[in-house]
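S.K.: One-letter residues, chain by chain:
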Amino acid sequence: MLTWVILIIAVVIIGWFMLTYNNFVNLRNRVKNSWAQIDVQLKRRYDLIPNLVETVKGYAKHEREVFEKITELRTRAMSSGTVKDIGESNNQLSTALKSLFAVAENYPELKANENFMKLQEELTNTENKIAFSRQFYNDIVMNYNAAQQRIPANIVAGMMNLKTEEYYPVDEAEKGPVKVQF
Amino acid sequence: MEKTIYELRDSNIRRTYLFLVIFSLILFGIGYFFVYEFNWGMNGILILGAIIILYNIITYVNSDKIALASVGARPADPGEYQILHNVVEEVAIAAGIPKPKVYIMNELQPNAFATGRNPNNASICVTTGLLSIMNRAELQGVVAHEMSHIRNYDIFLMTVIGIVAGLIIILRSVAFRGMWFGMGERRRDRDSGGGGGNIIAIIGLVLAIIAPLLVIIIRAAISRQREYLADATGAYIVRDPYGLASALKKIGDYKKPMRTATDATAHMFISNPFAGERLLATHPPIEERVKRLMSLTI
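Protein chains in written order, with our numbering: chain A, 1 to 182; chain B, 1001 to 1298.
Treat the hints loosely; a few may be bogus.
As a list, the in silico DSBU-like pairs of lysine-lysine whose alpha-carbon atoms are at most 30 Å apart [unchecked claim]:
(1) Lys1101/B / Lys118/A
(2) Lys118/A / Lys69/A
(3) Lys1250/B / Lys111/A
(4) Lys98/A / Lys1099/B
(5) Lys1065/B / Lys1256/B
(6) Lys98/A / Lys1256/B
(7) Lys1291/B / Lys1065/B
Because the hints were derived from the structure by calculation, they are not lab data. Treat the numbers as computed from the prediction; the structure is a model and nothing was measured.
Could you build all of it, start to finish, from the sequences and the hints given here?
M.R.: As structure tokens, then:
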């Protein structure tokens, strides 16, 4: 009788352990996968920026400061290592790109340039995709981190040597209260 | 919040199947009447059953294609309509569903609709008029509204109801024509007792009564609440109620009716394609929708 009780308890514990372990593996893969979604868009953006700068330079030679800032931020973003750094430098890059497009407003010929319009659309596209995938990434990271901290699953997380993941930072400029206009 | 969305989705799927079953039973009833009247016996019933099953399969698999074809939509060329494709792709990421197929309708009235049986087999269709007057943010708002219909499985219910309504409207006009034709027959050879003409006349009358009732049923099924919900969900998906609000205002300012819309498809569009007020409106008034959107905190 006692052997049976011990056996059943052992089976339950092993079963629970396996389920928890697999759950962590799934979550970890989902975090990786959703990060890959963002990463693809970031790379695309890095590729588009030099083209954009070259095109704008042809029309607006005097805006050197803006070009330099964008080039510098791009280099910094590309060499960043952690999610937090990548996110922050990319958020700054977004702001700088916005000012570049604001500058372009003053050059009607540039605005009418087909290549420029195409690049602007492509960059808006990647920008939006980054913003929307960030939402998913952060949701999944929250699930992953919370799962690691719950009792008793934290024991398994400790045995697997799991680390909590960093959130992709939200742009400070976007955070402000939304103004309602009627 | 999340739970109610899932409940809503399940109830949409349930209602769609219920609708298909009820309509199949009605079809069977009408068909049985013929089988009985003309003494076609067991074979008649079997053929009738086969037709109804076939009809349901066609509705289930091809409902989106039928709906798209009935309004004359064509696939949007990715090069020509790059911005539209980009916007749909972005909003699909935001909504967490695969990118739907993108269609274009040659129509001056700014309008849009979504169709399909589930998020994996969905299509979004916009009119050329919509593309010509909306900026990117407004287009994104409209696409987000349609995307929430897709995610909630509203499209399944709306498309199936649209097809059934279309079929009834066709049957009605066929039966009406048959009725006049039948009356002529009867006058010519009174001796040979033209029972067929009478039956067709009765069916024509029954359908003539059913068709307007159906519009009421559609209105009940696709309640105004659903449009408000899709507005709110759409705004939430892209975190921006202003794009959609401004798009709705522009749509509301356009007063000419659409050429291709019928009673069968009207409920599928983002705004009433007939423009102007109607007694049994399928959509809530634009001003009210804009007001509600503007009061959202996102």
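S.K.: Take the hints in turn and mark each one as holding or not.
M.R.: Now the hints, each set against the structure:
no. : hint                  : in the structure
1   : Lys1101/B / Lys118/A  : holds, 22 Å
2   : Lys118/A / Lys69/A    : holds, 22 Å
3   : Lys1250/B / Lys111/A  : holds, 25 Å
4   : Lys98/A / Lys1099/B   : holds, 27 Å
5   : Lys1065/B / Lys1256/B : holds, 26 Å
6   : Lys98/A / Lys1256/B   : violated, 38 Å
7   : Lys1291/B / Lys1065/B : violated, 35 Å
The structure is inconsistent with the numbered hints 6 and 7, although it conforms to all the rest.
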